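Be aware that the sequence shown starts at 1, since it is given in the working numbering, and climbs by one per residue.
Derived from the structure by calculation, the hints contain no laboratory data.
One thing to keep in mind: the hints can contain errors.
Heads up, simulated DSBU-like pairs for lysine-lysine below, C-alpha to C-alpha not over 30 Å straight-line [to be verified]:
#	residue 1	residue 2
1	172	217
2	117	37
3	57	47
4	212	67
5	67	57
6	67	47
Estimated spans, in silico, between C-beta atoms of each pair [claimed, not checked]:
#	residue 1	residue 2	range
7	237	172	48 to 56 Å
8	256	23	56 to 64 Å
9	226	42	39 to 47 Å
10	254	226	17 to 25 Å
Here the structure is a predicted model, which is why all the values come from computation and not from measurement.
Heads up, the beta-carbon is just placed ideally off N, CA and C, and yes, glycines get one too.
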Amino acid sequence: MDAISTRSDAGIAIEQEEKDFGLDLVGVNLSEVNLRKAKLSGAELVKANLSGANLLKANLSGANLLKANLAGANLWEANLSGANLWEANLAGANSWEANLSEAHLSGADLSEAGLVKANLSGANLSGAELPGADLSEANLSGARLSGANLSGANLSGAELPGAELWGAELPKAELWAADLSGANLQKANLSGAHFWEANLSGARFWEANLSKANLSKANLSGARFWEANLSGANLNACNIASARFSPRTVITQEQLDQTLA
1 MDAISTRSDA
11 GIAIEQEEKD
21 FGLDLVGVNL
31 SEVNLRKAKL
41 SGAELVKANL
51 SGANLLKANL
61 SGANLLKANL
71 AGANLWEANL
81 SGANLWEANL
91 AGANSWEANL
101 SEAHLSGADL
111 SEAGLVKANL
121 SGANLSGAEL
131 PGADLSEANL
141 SGARLSGANL
151 SGANLSGAEL
161 PGAELWGAEL
171 PKAELWAADL
181 SGANLQKANL
191 SGAHFWEANL
201 SGARFWEANL
211 SKANLSKANL
221 SGARFWEANL
231 SGANLNACNI
241 ASARFSPRTV
251 ITQEQLDQTL
261 A
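With the sequences and hints as input, model every part of the structure.
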């Protein structure tokens, strides 16, 4: 660790850019360290403490960060593609425009995390905690979010075509203008969520809870609502062409009369 040159009350500062560390950093304490543009691809960082670290534009592609602590870390434009972040703590981390494509984030804590315009395509976020996270304009195409907690999360303008959201928690989430075409939302909790002008064409809402959701001007063409709960949902001017409902779908004729179908 010769590259570490100074220490202060604010933490450790590493003065040189484009740093390249050895790969075995299991359990290492790098809290508050400046790792800007560090080369850590493929590094072993199991249970490492990187809380509050500056990892701006760092390369952590393929790194093993299982159960690592990255709470409050700066991961802006960092490359974490294919990284293992299983049960990692990223609460409050700033991951704006970060590359997390194909990353493994099952059971990770991303509560209140900033993931604006982040690339999470193909990422596994099953069972992850994302309450209050900002995922606006993020790319989550093909991501797996089954059982994830996205309560109150901001997904406005996000790309989620073909995403797996089976049993996910999204009460009061912001999804206006989001693309969820072909997404699987079976048994998801979407109560009070906002889908204004969202693309939900071909999405599956089997047994989903959409009570009091705002679907105004949303594209619901070809969506399936078998046994879904749409009580109190706002369907004003939404497109339900070719959408499918079952006898046990909770919806009123008055709601259907508000649609464009």
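Hints the structure fails to honour
4 and 7
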